[in-house]
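So you can see what is in the structure, the chains are spelled out below.
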Amino acid sequence: DVKVTQSSRYLVKRTGEKVFLECVQDMDHENMFWYRQDPGLGLRLIYFSYDVKMKEKGDIPEGYSVSREKKERFSLILESASTNQTSMYLCASRPTGARNEQYFGPGTRLTVT
Amino acid sequence: EDKVVQSPLSLVVHEGDTVTLNCSYEVTNFRSLLWYKQEKKAPTFLFMLTSSGIEKKSGRLSSILDKKELFSILNITATQTGDSAVYLCAAAGGTSYGKLTFGQGTILTVHP
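Protein sequences, first through last, are from chains A and B.
Using the numbering used here, read the first sequence as starting at 1 and increasing by one per residue.
Using the numbering used here, read the second sequence as starting at 1001 and increasing by one per residue.
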């Protein structure tokens, strides 16, 4: 079974703090994704990576950056957290190939106060 | 801009009822349509549809895609309380990276 893990289930941070969200997958997938999920808006893509050190902006990259130094690990960074970044953050991975199915981690609920 | 719209946004039914969830999409270079179920944890994969008119079935759940009209439906028959969840529809398009565009989700609540 594919396993995607995220470093924290719940996180509370203060405005202005630098925040790191970590995601690790154990299936040697090339592609990894970060989404945020908000009520009524569904999942929105923040960034994705298709290889080590390669990244692409998604639909809402403002205020975020990412790092992929190793194939299994994809980090989302909030350089200076703001209250409007309070959300559920979901990481996903998938192999390169015909199937578009993504495998999701359990999510990190981030609250910025 | 790619867009996926789900309806209804929420639905409350009683056990035994049949429900139909709708998903319409506008995606450049459409490849496939996916359905996920999300309880209070990671979304779990239900179906992937690539061809029009071919029903995919898993137990009481079934789904079909209409590529001409750009929509998909997810049917759940004889609903159970364990079907209560958020159902997410996503369309894959464009690159080989498998970028998905998600709809808002449908919150299904099944009462005993």
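Read the hints as simulated data drawn from the structure, not as lab findings.
Where is the CB? At the ideal position from N, CA and C, for every residue including glycine.
A portion of the hints provided could be inaccurate.
Calculated cross-link-like contacts (lysine-lysine; reagent style DSSO-like; alpha-carbon spacing at most 30 Å) [what the hints assert, rightly or not]:
(1) Lys1067/B / Lys57/A
(2) Lys1057/B / Lys3/A
(3) Lys55/A / Lys1041/B
(4) Lys70/A / Lys1056/B
(5) Lys1003/B / Lys53/A
(6) Lys1067/B / Lys71/A
(7) Lys18/A / Lys1041/B
(8) Lys13/A / Lys1040/B
(9) Lys3/A / Lys53/A
(10) Lys3/A / Lys1068/B
(11) Lys1040/B / Lys71/A
(12) Lys3/A / Lys1003/B
(13) Lys13/A / Lys71/A
(14) Lys1040/B / Lys3/A
(15) Lys1057/B / Lys57/A
(16) Lys53/A / Lys1041/B
Computed footprint of chain A on chain B; a stretch qualifies when at least three of its residues, placed anywhere within it, have a C-beta under 8 Å from a C-beta of chain A [to be verified]:
(17) 1008 to 1016
(18) 1056 to 1063
Enumerate the violated hints, using their earlier numbering and listing them in ascending order. 4, 6, 10, 15, 17, 18
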